[in-house]
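Chains A and B supply the protein sequences, listed in that same order.
Taking our numbering, the leading residue of the first sequence gets 133, the next gets one more, and so forth.
Taking our numbering, the leading residue of the second sequence gets 133, the next gets one more, and so forth.
Derived by calculation from the structure, the hints in this document are not laboratory data.
Keep in mind that the hints are not guaranteed to be accurate.
Each pair may be met inside one copy or between any two copies, as identical chains are not told apart.
[Said to hold, decoys possible] Each computed DSS-like pair below joins lysine-lysine, with the alpha-carbon atoms no more than 30 angstroms apart: (1) Lys245 <-> Lys382; (2) Lys290 <-> Lys275; (3) Lys290 <-> Lys245; (4) Lys268 <-> Lys377; (5) Lys307 <-> Lys139; (6) Lys377 <-> Lys245; (7) Lys173 <-> Lys245; (8) Lys268 <-> Lys313; (9) Lys139 <-> Lys245; (10) Lys296 <-> Lys377; (11) Lys296 <-> Lys153; (12) Lys331 <-> Lys290; (13) Lys209 <-> Lys183; (14) Lys183 <-> Lys296; (15) Lys389 <-> Lys209; (16) Lys296 <-> Lys307; (17) Lys152 <-> Lys377.
These numbers come from a predicted model, not from an experiment.
Protein chains: 2
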Amino acid sequence: MAKIRSKSFWSKYQIAWRSKKSLVCVGLDSDLSLLPQVVRKDANPMYTFNKAIIEATLPYAAAYKPNLAFYLAAGVKGLEALKLTIEAIPADVPVILDCKVGDIGNTMDAYLKAFFDEMGCDAITINPLMGRDVIKIMLNDEKNFAFALTLTSNLSAKEFLLGKELYKDIAAWVKGFDARKVGAVVGATHPNHLEQMRKLLPEQLFLIPGIGAQGGDLQAVLDNAIKSYNEPNILINSSRGIIFKDSSAKFAESAGKEAEKLRDEIRQGLE
Amino acid sequence: MAKIRSKSFWSKYQIAWRSKKSLVCVGLDSDLSLLPQVVRKDANPMYTFNKAIIEATLPYAAAYKPNLAFYLAAGVKGLEALKLTIEAIPADVPVILDCKVGDIGNTMDAYLKAFFDEMGCDAITINPLMGRDVIKIMLNDEKNFAFALTLTSNLSAKEFLLGKELYKDIAAWVKGFDARKVGAVVGATHPNHLEQMRKLLPEQLFLIPGIGAQGGDLQAVLDNAIKSYNEPNILINSSRGIIFKDSSAKFAESAGKEAEKLRDEIRQGLE
Chain A
133 MAKIRSKSFW SKYQIAWRSK KSLVCVGLDS DLSLLPQVVR KDANPMYTFN KAIIEATLPY
193 AAAYKPNLAF YLAAGVKGLE ALKLTIEAIP ADVPVILDCK VGDIGNTMDA YLKAFFDEMG
253 CDAITINPLM GRDVIKIMLN DEKNFAFALT LTSNLSAKEF LLGKELYKDI AAWVKGFDAR
313 KVGAVVGATH PNHLEQMRKL LPEQLFLIPG IGAQGGDLQA VLDNAIKSYN EPNILINSSR
373 GIIFKDSSAK FAESAGKEAE KLRDEIRQGL E
Chain B
133 MAKIRSKSFW SKYQIAWRSK KSLVCVGLDS DLSLLPQVVR KDANPMYTFN KAIIEATLPY
193 AAAYKPNLAF YLAAGVKGLE ALKLTIEAIP ADVPVILDCK VGDIGNTMDA YLKAFFDEMG
253 CDAITINPLM GRDVIKIMLN DEKNFAFALT LTSNLSAKEF LLGKELYKDI AAWVKGFDAR
313 KVGAVVGATH PNHLEQMRKL LPEQLFLIPG IGAQGGDLQA VLDNAIKSYN EPNILINSSR
373 GIIFKDSSAK FAESAGKEAE KLRDEIRQGL E
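All chains should be modelled from the sequences, with the hints used to inform the complete structure.
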């Protein structure tokens, strides 16, 4: 049985923002080899870990973002953990699967079936390289949402995305879709690029990784990416900085504190 | 236990070509909903189906290419089927996982662990949008091989790959790597593009989908993509045209005949 999805991603995002005044996306990069000792003897350590993290961070989390790679790396048990994790996230809180898929035709149909129907995600990250064929099937279901990779913060983003200024073309492409259906992944390590992206895409929701472990400056992100406090249109993701802050038996409590701290830093930065 | 990989993808490709004189890649797009009735009551229908297809097509197959999407769409049992399928392919025959991943850092590490270590694939398809960071970790293991999406044959390829002539930049990028480690996915529906791609990448191995169901012209592909008969440097993929040719109890026998027919058509086209 897959999780029942009664609301759209967009509705869930609005509810989470209004009820929690949080823009924190908790990245569930729950690498099996990095889990605390205290969960390792469990029947499914990744799930036990995630469940505790979700319970502790829920008051501060506007969204959760499990990363497909870490679950596949743990094989069949990892995929079981992913599905159980998504089921453990309350129905009003949006779940974004970080999978960066970008395929077409019956292959993309199969990915959508896997991620939205089988697993019960609300949104996915997509790779737009192959163009509109990647996304057109998703647009048929108003509940689904896609974050298109637009400008990433890795070093070799300079080869195509920056070097060929492809991010501008992708931004124009993203702008062609309903902002309640399609947003953009925008890296946080180049605040001036973030400012430019916001000018290109005033309405779109940005999923911003790169805070914490990847070294982005939070205040610069807020100054450049926020449209208005009433309608901030961003989600700031932190993965390792929240979930792996503490490897002791108190890992979940520490994760809760880190999520709260990031929520508060963002609130202060918005003032 | 994962499959033991004693040889590199490149060695396996050379062995398959020399021993079978085949350039046929059998695409295992084994969509659960399309499987013949005769396997549907089995404990794991996707695996039963694939095992029969592999046994029937093995004399004619230079490689197999399971497509991750169809296995994920069937959930945990699908992932089990994928792993069992890869184990069922003899050790000398290369397995290419069509996953089109393109991530970086610890996420890409996790995908490589999943696909090469956990599942035992020999090669994967990758999306190069994020640049060299996607591929650099793979290059550390001489056994691994990546086919980079370079020019696809879908309609909206005209948006970025063709429209922005990104395929030329990606081809130049592919050329910067060892041809025994990195090849290109090149769609078959534009023979003139295929000719251009071969000029840009004289040494690289091309994985060519789009024969059969997607309507590419085989002779035009061979005329434009082949370097020399002694060193043809292509794999021609057919999925639905082979595996779903016949939905009766004789599905495997029919798949074997289709694979043999395609192998023979390619041989004749090379003369």
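Index of numbered hints that the structure contradicts, given in increasing order: Result: hints 10, 11 and 14 break, sorted rising.
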